[in-house]
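*Asks:* Residue strings, one per chain:
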Amino acid sequence: DTAVSQTPKYLVTQMGNDKSIKCEQNLGHDTMYWYKQDSKKFLKIMFSYNNKELIINETVPNRFSPKSPDKAHLNLHINSLELGDSAVYFCASSPGTGSWSGELFFGEGSRLTVL
Amino acid sequence: SQQGEEDPQALSIQEGENATMNCSYKTSINNLQWYRQNSGRGLVHLILIRSNEREKHSGRLRVTLDTSKKSSSLLITASRAADTASYFCATDAYDYKLSFGAGTTVTVRA
Chain A
2 DTAVSQTPKY
12 LVTQMGNDKS
22 IKCEQNLGHD
32 TMYWYKQDSK
42 KFLKIMFSYN
52 NKELIINETV
62 PNRFSPKSPD
72 KAHLNLHINS
82 LELGDSAVYF
92 CASSPGTGSW
102 SGELFFGEGS
112 RLTVL
Chain B
890 SQQGEEDPQA
900 LSIQEGENAT
910 MNCSYKTSIN
920 NLQWYRQNSG
930 RGLVHLILIR
940 SNEREKHSGR
950 LRVTLDTSKK
960 SSSLLITASR
970 AADTASYFCA
980 TDAYDYKLSF
990 GAGTTVTVRA
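Line order of the protein sequences matches chains A and B. Using the numbering used here, read the first sequence as starting at 2 and increasing by one per residue. Using the numbering used here, read the second sequence as starting at 890 and increasing by one per residue.
Heads up, some of the hints might be wrong.
What the hints assert, rightly or not - As a list, the in silico DSSO-like pairs of lysine-lysine whose alpha-carbon atoms are at most 30 Å apart:
#1 K958/B x K53/A
#2 K37/A x K958/B
#3 K915/B x K959/B
#4 K10/A x K42/A
#5 K958/B x K41/A
#6 K37/A x K915/B
#7 K42/A x K945/B
#8 K68/A x K37/A
#9 K37/A x K959/B
#10 K37/A x K23/A
#11 K958/B x K10/A
#12 K41/A x K20/A
#13 K915/B x K41/A
#14 K41/A x K23/A
#15 K72/A x K958/B
#16 K45/A x K945/B
#17 K959/B x K41/A
#18 K915/B x K42/A
#19 K10/A x K37/A
#20 K10/A x K45/A
#21 K41/A x K10/A
#22 K23/A x K42/A
#23 K45/A x K959/B
#24 K45/A x K958/B
#25 K72/A x K42/A
#26 K72/A x K37/A
Hints are computed from structural coordinates only; laboratory data are not their basis.
Starting from the given sequences, assemble the full structure and let the hints guide the process.
*Replies:* Structure below.
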C-alpha cells in the first residue's frame, strides 16, 4: 500500500482553468503539507495542516485553497490557473506535532503544466 | 525564504568513489534532515540529525552537523549507480515546517 498517494500524477490544462489535486495518507499522521517544486528543483512549502487545522499558509496567492476533510486527506484546489503555476506539487505527511516537524513522507508528486 | 543551501549544485563521480555535499543554513534549528529524490519521484528521508548531535551514520551515509558554523555535510561512501539522484537538506527551525534548499544533483558514472 502506498503511504502517501496523490492524484493525478500529471495535469495539463489551459490558463484560466480551475483544477484540483488530491492527497491521502494511510500512516495515521496528524500533519500534512503541500510543497511546490519549481523547475530549478527548489522546494517551497505552501500549506501545513495539523489534524484538519491550518497551521501554515506561506504567502500563497488566494487562488490556492487547501481543504482537509479529515486528517488523512489534504486536497489542493487552484483557481484561475496561470503560467507560473506550472510546477510539481508534492503532498507530504509527518508524525510531528506542535512545532516539531519530524520525518516527512512524500507522495510521488503531481506535475502541473499550464498552457 | 530559503533556509538551507546545498553546495555544490552538481557533482559527478566514478562508481566506488565517495561523494560529499554541504548544506548551510541561517537560523537556529531543532534538527536537520537529508532527503534523496530520484528523477521524477518523491523525496525519501535518509537521515535526521538533532541539534545536539555532531555526527550520525546510517549504512554508507555519514552526516555531520556544526551548529556554530550553521552547516552540515553528507558523505556517501563507495558510491553506486543507484545513488544517482538529487540530495536535499532540510531544516526544522521550530516553525512547524521543514525548509528545503535547491539540492545537489549527484551523478555516479559506471
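*Asks:* Hints first: check each against the structure and report whether it holds.
*Replies:* Now the hints, each set against the structure:
1. Distance check on the hinted pair: K958/B and K53/A sit about 38 Å apart at the alpha-carbon level, beyond 30 Å; violated.
2. For the suggested pair K37/A and K958/B, the alpha carbons sit about 29 Å apart, so the restraint of at most 30 Å is met.
3. The straight-line distance between the Cα atoms of K915/B and K959/B is roughly 7 Å, inside the 30 Å bound, and the hint therefore holds.
4. Taken as a hint, the K10/A and K42/A pair is honoured in the structure, with Cα atoms around 17 Å apart against an allowance of 30 Å.
5. Restraint check: the Cα-Cα separation between K958/B and K41/A comes to about 26 Å, which is no more than 30 Å; the hinted pair holds.
6. Distance restraint check for K37/A and K915/B: the Cα-Cα separation of roughly 21 Å lies within the 30 Å cut-off, and the hinted pair is therefore satisfied.
7. Of the supplied pair hints, the one linking K42/A and K945/B holds, its CA atoms being roughly 26 Å apart against a limit of 30 Å.
8. In summary, the hint linking K68/A to K37/A is supported, as the alpha carbons are separated by about 16 Å, within the 30 Å threshold.
9. For the hint linking K37/A to K959/B, the alpha-carbon distance of about 25 Å falls within 30 Å, and the restraint holds.
10. For the hint pairing K37/A with K23/A, the CA-to-CA distance comes to about 14 Å; that is within 30 Å, so the pair holds.
11. Of the pairs offered as hints, the one joining K958/B and K10/A is violated, with about 40 Å between alpha carbons and a cut-off of 30 Å exceeded.
12. Simply put, K41/A and K20/A have alpha-carbon atoms about 23 Å apart, close enough for the 30 Å limit, and the pair holds.
13. Straight-line distance between C-alpha atoms of K915/B and K41/A comes to about 21 Å, which keeps the hinted pair within the 30 Å bound.
14. For the hint pairing K41/A with K23/A, the CA-to-CA distance comes to about 24 Å; that is within 30 Å, so the pair holds.
15. For the given pair, K72/A sits about 38 Å from K958/B by alpha-carbon distance, which is inconsistent with the 30 Å threshold.
16. A threshold of 30 Å between alpha carbons decides the hint, and for K45/A with K945/B the separation of about 26 Å falls inside it, so the pair holds.
17. In summary, the hint linking K959/B to K41/A is supported, as the alpha carbons are separated by about 24 Å, within the 30 Å threshold.
18. Note on K915/B and K42/A: the hinted pairing holds, with a Cα-Cα distance of about 20 Å set against a maximum of 30 Å.
19. Distance hint between K10/A and K37/A is fulfilled; the C-alpha atoms sit about 14 Å from each other, no more than 30 Å.
20. Restraint check: the Cα-Cα separation between K10/A and K45/A comes to about 19 Å, which is no more than 30 Å; the hinted pair holds.
21. Of the pairs offered as hints, the one joining K41/A and K10/A holds, with about 19 Å between alpha carbons and a cut-off of 30 Å not exceeded.
22. Our distance criterion of 30 Å between C-alpha atoms is met by K23/A and K42/A, whose separation comes to about 22 Å.
23. Taken as a hint, the K45/A and K959/B pair is honoured in the structure, with Cα atoms around 20 Å apart against an allowance of 30 Å.
24. At roughly 24 Å between alpha-carbon atoms, K45/A and K958/B fall within 30 Å of each other, so this suggested pair holds.
25. Among the hinted pairs, K72/A with K42/A is consistent with the structure: their alpha-carbon atoms are about 28 Å apart, no more than 30 Å.
26. Straight-line distance between C-alpha atoms of K72/A and K37/A comes to about 21 Å, which keeps the hinted pair within the 30 Å bound.
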